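Protein chains: 2
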Amino acid sequence: MSQLDARLRKYAQVITQVGANVQPGQRVWINCSTDSLPLTRLVVEEAYKLGASDVHVKLTDDAMTRLHAEYQTTEYYSELPQHIIDEMNFYLDDNVVLIRINSSAPDLLAGIDSEKLAAAAKVAGEKMTYYRSRVMSDKNAWTIAAYPSPAWAKLVFPEETDEDTAVAKLLDAMLEATRIKVEDPVKEWQEHRDRLTEKATHLNNRHYKALHYTADGTDLTIELPKTHLWVAAGGRNEKGTSFVPNMPTEEVFTAAEKTGVNGYVSNKKPLSYQGNIIDGFKLHFKDGAVVDFECEQGYDVLKNLIEMDEGSRFLGEVALVPHDSPISNSGLLFFNTLYDENAANHVALGAAYPTNIEGGGDMTPEEIAAAGINQSAAHVDFMIGCADMNIDGILEDGTREPVFRDGNWAF
Amino acid sequence: MSQLDARLRKYAQVITQVGANVQPGQRVWINCSTDSLPLTRLVVEEAYKLGASDVHVKLTDDAMTRLHAEYQTTEYYSELPQHIIDEMNFYLDDNVVLIRINSSAPDLLAGIDSEKLAAAAKVAGEKMTYYRSRVMSDKNAWTIAAYPSPAWAKLVFPEETDEDTAVAKLLDAMLEATRIKVEDPVKEWQEHRDRLTEKATHLNNRHYKALHYTADGTDLTIELPKTHLWVAAGGRNEKGTSFVPNMPTEEVFTAAEKTGVNGYVSNKKPLSYQGNIIDGFKLHFKDGAVVDFECEQGYDVLKNLIEMDEGSRFLGEVALVPHDSPISNSGLLFFNTLYDENAANHVALGAAYPTNIEGGGDMTPEEIAAAGINQSAAHVDFMIGCADMNIDGILEDGTREPVFRDGNWAF
Numbered sequence: 001m002s003q004l005d006a007r008l009r010k011y012a013q014v015i016t017q018v019g020a021n022v023q024p025g026q027r028v029w030i031n032c033s034t035d036s037l038p039l040t041r042l043v044v045e046e047a048y049k050l051g052a053s054d055v056h057v058k059l060t061d062d063a064m065t066r067l068h069a070e071y072q073t074t075e076y077y078s079e080l081p082q083h084i085i086d087e088m089n090f091y092l093d094d095n096v097v098l099i100r101i102n103s104s105a106p107d108l109l110a111g112i113d114s115e116k117l118a119a120a121a122k123v124a125g126e127k128m129t130y131y132r133s134r135v136m137s138d139k140n141a142w143t144i145a146a147y148p149s150p151a152w153a154k155l156v157f158p159e160e161t162d163e164d165t166a167v168a169k170l171l172d173a174m175l176e177a178t179r180i181k182v183e184d185p186v187k188e189w190q191e192h193r194d195r196l197t198e199k200a201t202h203l204n205n206r207h208y209k210a211l212h213y214t215a216d217g218t219d220l221t222i223e224l225p226k227t228h229l230w231v232a233a234g235g236r237n238e239k240g241t242s243f244v245p246n247m248p249t250e251e252v253f254t255a256a257e258k259t260g261v262n263g264y265v266s267n268k269k270p271l272s273y274q275g276n277i278i279d280g281f282k283l284h285f286k287d288g289a290v291v292d293f294e295c296e297q298g299y300d301v302l303k304n305l306i307e308m309d310e311g312s313r314f315l316g317e318v319a320l321v322p323h324d325s326p327i328s329n330s331g332l333l334f335f336n337t338l339y340d341e342n343a344a345n346h347v348a349l350g351a352a353y354p355t356n357i358e359g360g361g362d363m364t365p366e367e368i369a370a371a372g373i374n375q376s377a378a379h380v381d382f383m384i385g386c387a388d389m390n391i392d393g394i395l396e397d398g399t400r401e402p403v404f405r406d407g408n409w410a411f
Numbered sequence: 001m002s003q004l005d006a007r008l009r010k011y012a013q014v015i016t017q018v019g020a021n022v023q024p025g026q027r028v029w030i031n032c033s034t035d036s037l038p039l040t041r042l043v044v045e046e047a048y049k050l051g052a053s054d055v056h057v058k059l060t061d062d063a064m065t066r067l068h069a070e071y072q073t074t075e076y077y078s079e080l081p082q083h084i085i086d087e088m089n090f091y092l093d094d095n096v097v098l099i100r101i102n103s104s105a106p107d108l109l110a111g112i113d114s115e116k117l118a119a120a121a122k123v124a125g126e127k128m129t130y131y132r133s134r135v136m137s138d139k140n141a142w143t144i145a146a147y148p149s150p151a152w153a154k155l156v157f158p159e160e161t162d163e164d165t166a167v168a169k170l171l172d173a174m175l176e177a178t179r180i181k182v183e184d185p186v187k188e189w190q191e192h193r194d195r196l197t198e199k200a201t202h203l204n205n206r207h208y209k210a211l212h213y214t215a216d217g218t219d220l221t222i223e224l225p226k227t228h229l230w231v232a233a234g235g236r237n238e239k240g241t242s243f244v245p246n247m248p249t250e251e252v253f254t255a256a257e258k259t260g261v262n263g264y265v266s267n268k269k270p271l272s273y274q275g276n277i278i279d280g281f282k283l284h285f286k287d288g289a290v291v292d293f294e295c296e297q298g299y300d301v302l303k304n305l306i307e308m309d310e311g312s313r314f315l316g317e318v319a320l321v322p323h324d325s326p327i328s329n330s331g332l333l334f335f336n337t338l339y340d341e342n343a344a345n346h347v348a349l350g351a352a353y354p355t356n357i358e359g360g361g362d363m364t365p366e367e368i369a370a371a372g373i374n375q376s377a378a379h380v381d382f383m384i385g386c387a388d389m390n391i392d393g394i395l396e397d398g399t400r401e402p403v404f405r406d407g408n409w410a411f
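For the record, the sequence lines run as chains P and V. Each residue of the first sequence is one higher than the one before, counting from 1 in the numbering used here. Each residue of the second sequence is one higher than the one before, counting from 1 in the numbering used here.
Hints were generated in silico from the structure; no laboratory data involved. Given the structure is predicted, the values throughout are model-derived calculations rather than measurements. Check each hint, because a few of them may be wrong.
Since the list can't tell identical chains apart, any single copy or any two copies may satisfy a pair.
Listed below are the simulated DSBU-like cross-link pairs for lysine-lysine, each with C-alpha atoms no more than 30 Å apart in a straight line [said to hold, decoys possible]:
hint, residue 1, residue 2
1, Lys127, Lys169
2, Lys187, Lys49
3, Lys209, Lys122
4, Lys282, Lys116
5, Lys127, Lys181
6, Lys209, Lys116
7, Lys226, Lys209
8, Lys199, Lys116
9, Lys209, Lys181
10, Lys199, Lys303
11, Lys181, Lys116
12, Lys58, Lys127
13, Lys122, Lys49
14, Lys187, Lys286
15, Lys187, Lys199
16, Lys58, Lys122
17, Lys303, Lys181
18, Lys199, Lys127
19, Lys58, Lys209
20, Lys154, Lys49
21, Lys49, Lys116
22, Lys154, Lys209
23, Lys181, Lys58
24, Lys282, Lys49
25, Lys154, Lys286
26, Lys199, Lys239
27, Lys58, Lys282
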């Protein structure tokens with residue numbers, strides 16, 4: 001076996017053993033596109049070796065995805081027939097663990113009518129409620145990993161004329177960031193999770209009332225709910241099985257108080273959303289809501305996101321990631337949220353994770369709303385962290401403590 | 001564009017314009033596996049160019065298909081949840097045209113427990129009734145084409161050590177057999193269909209009561225229903241749109257009288273069924289039913305087929321193909337029914353096509369049974385033609401006429 005083959009096998013083992021933590025007899029659902037086949041085939045095999053009863057793979061192909069978007073009318077493009085909902089619910093109700101392997105080009109749908117994309121997002125928002133309620137509250141385990149496609153690799157390494165070389169370079173960077181290139185990656189992941197959990201424990205002990213962010217282009221105060229919980233690198237599904245939702249993961253995160261966000265914030269890395277790149281944007285918040293925004297690239301797509309539903313103009317998640325992280329230190333811009341959000345402080349427009357407040361995992365939507373956190377069909381992270389970012393934690397009595405200084409942890 | 005690219009584009013155009021005959025506003029459903037992507041992407045694009053409203057692609061991957069078969073228990077492997085039936089019915093009811101692009105290795109599932117394969121076939125037989133009733137009676141248009149996978153190409157060209165060369169050689173043979181390498185393949189197909197239709201018209205005018213096959217290992221009499229119709233190279237869906245079910249196609253075919261088959265018949269080319277190769281077999285018929293059989297390779301898989309349901313031991317289709325056909329003259333054994341059946345006389349175990357009797361397309365299952373033709377969840381063609389085969393047509397008064405002599409048309 002070549003070194004690359006051995007590493008890909010380890011990557012598949014980490015995804016199935018740590019990320020998904022597949023249990024004997026459990027069903028597995030994989031969403032991926034054809035560019036990921038060298039990895040996905042190994043993930044399927046490793047899942048079966050762990051005793052999966054059924055590995056259900058939904059394969060798409062980027063070239064076809066682009067053709068669908070180009071040629072289908074809005075009516076067909078935004079169609080979501082009942083059998084698709086039924087299929088998802090069938091698996092969700094049988095304790096399925098969801099694995100997504102991202103490989104699509106970040107700008108796959110550039111130039112597609114943004115109203116068409118918005119219509120598709122709107123239908124999914126309206127019809128995929130059960131799916132979201134299960135996943136956002138960790139009732140089903142889920143994990144997201146990535147594998148490079150040629151188009152993605154060429155975006156990250158534009159100077160690289162040879163496609164295969166670009167793919168190899170991006171894959172190597174991914175394996176580095178995902179801590180696969182060590183002797184025992186499963187053990188490394190356990191230690192990594194312990195370190196992140198220490199940060200979460202510290203923040204839970206401080207129990208800040210609010211965070212105040214300042215950087216070039218940013219002056220934002222985010223209040224935190226009274227019962228907020230900081231979480232790192234893992235959840236537990238309703239059977240009590242642990243899993244890691246993101247690979248890589250460097251973040252410690254909690255929920256924002258829905259109506260407690262004020263000021264303005266600028267993005268610091270491009271955001272790939274709905275196959276389009278959004279960049280150079282600044283959001284102005286008042287009492288939680290985006291009341292104004294500027295955007296240099298992808299204005300219409302960002303506008304669609306903000307206007308998707310009642311909750312998509314409010315913040316859900318608040319996540320802290322030191323600027324001095326392995327991904328950030330690679331110096332690469334991945335144009336993919338899974339990687340870029342783990343290289344920078346970020347926040348998410350849209351739904352909060354119910355598991356970020358005490359007892360939230362078992363709350364009804366009404367109880368979640370009463371607890372002061374946001375609900376939406378959207379949950380879109382964007383990167384706001386940078387080398388000059390300072391964050392103060394504000395205690396109940398108004399005292400300020402440094403949480404971040406010059407982009408990194410201050411404690 | 002390279003010559004190969006240009007030919008693949010023409011191949012996709014023939015599949016969509018002649019095989020599927022996609023109409024503006026029509027839905028298209030494609031079943032294929034990942035090895036076929038270079039062709040399937042073009043088929044998707046050409047279908048949209050013809051005005052397809054939605055091209056729904058069900059992508060599988062042979063490596064994963066093999067893993068599912070190896071690791072899943074019979075219970076999971078034979079699972080067919082309602083949402084899958086609902087999905088198929090949703091498209092069938094909306095005038096979908098079905099395109100299958102075969103590329104899997106003929107022996108993909110060799111060594112898998114035949115009882116597992118039988119259980120999966122049994123469930124499909126029981127639950128896919130609506131699908132079969134629509135397709136077998138041409139209510140929905142459908143077409144089957146092929147594209148080489150490396151594993152398939154290596155089986156056809158075992159002496160070829162380079163995988164890419166083997167694939168290129170098999171693809172070239174396919175393009176030759178499918179009449180793509182001419183200046184105007186769409187026009188060539190029209191002329192080809194006209195020639196085949198002449199043969200069907202001749203046979204319909206003769207209206208034989210029975211056919212008597214003799215060859216080495218074969219002495220078989222097949223009675224034909226009173227209202228039988230010979231058909232060639234095409235059907236019409238319930239909207240009246242023409243289509244060509246097989247690409248390539250060289251056959252002229254009709255239905256057997258269910259209880260009117262007597263004697264014995266030997267296969268002359270290997271049969272790939274359920275990912276297994278069946279070869280060296282001889283079936284003995286009495287009053288339509290297989291009452292005994294011998295089989296050198298794939299005995300269990302053949303036994304499962306014969307015992308699948310009440311109708312799977314009776315013959316449905318009877319098809320005539322001259323031994324001196326383009327595919328046969330290539331000297332290649334394709335190990336794939338789509339190709340091999342169009343190089344040799346063949347018959348099918350299982351269901352007859354209702355469109356092979358007068359008014360059959362609109363008959364209920366009861367009326368079809370009363371008309372004397374077979375019904376089954378199975379429809380599996382196998383090749384019985386060879387260079388020494390003679391076929392006599394027997395008229396109502398007992399007179400015999402030569403239909404085939406030494407493997408070729410006698411008229």
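Structure versus earlier hints - violations, ascending order: 1, 3, 5, 6, 8, 9, 10, 11, 14, 17, 18, 19, 22, 24, 25, 27
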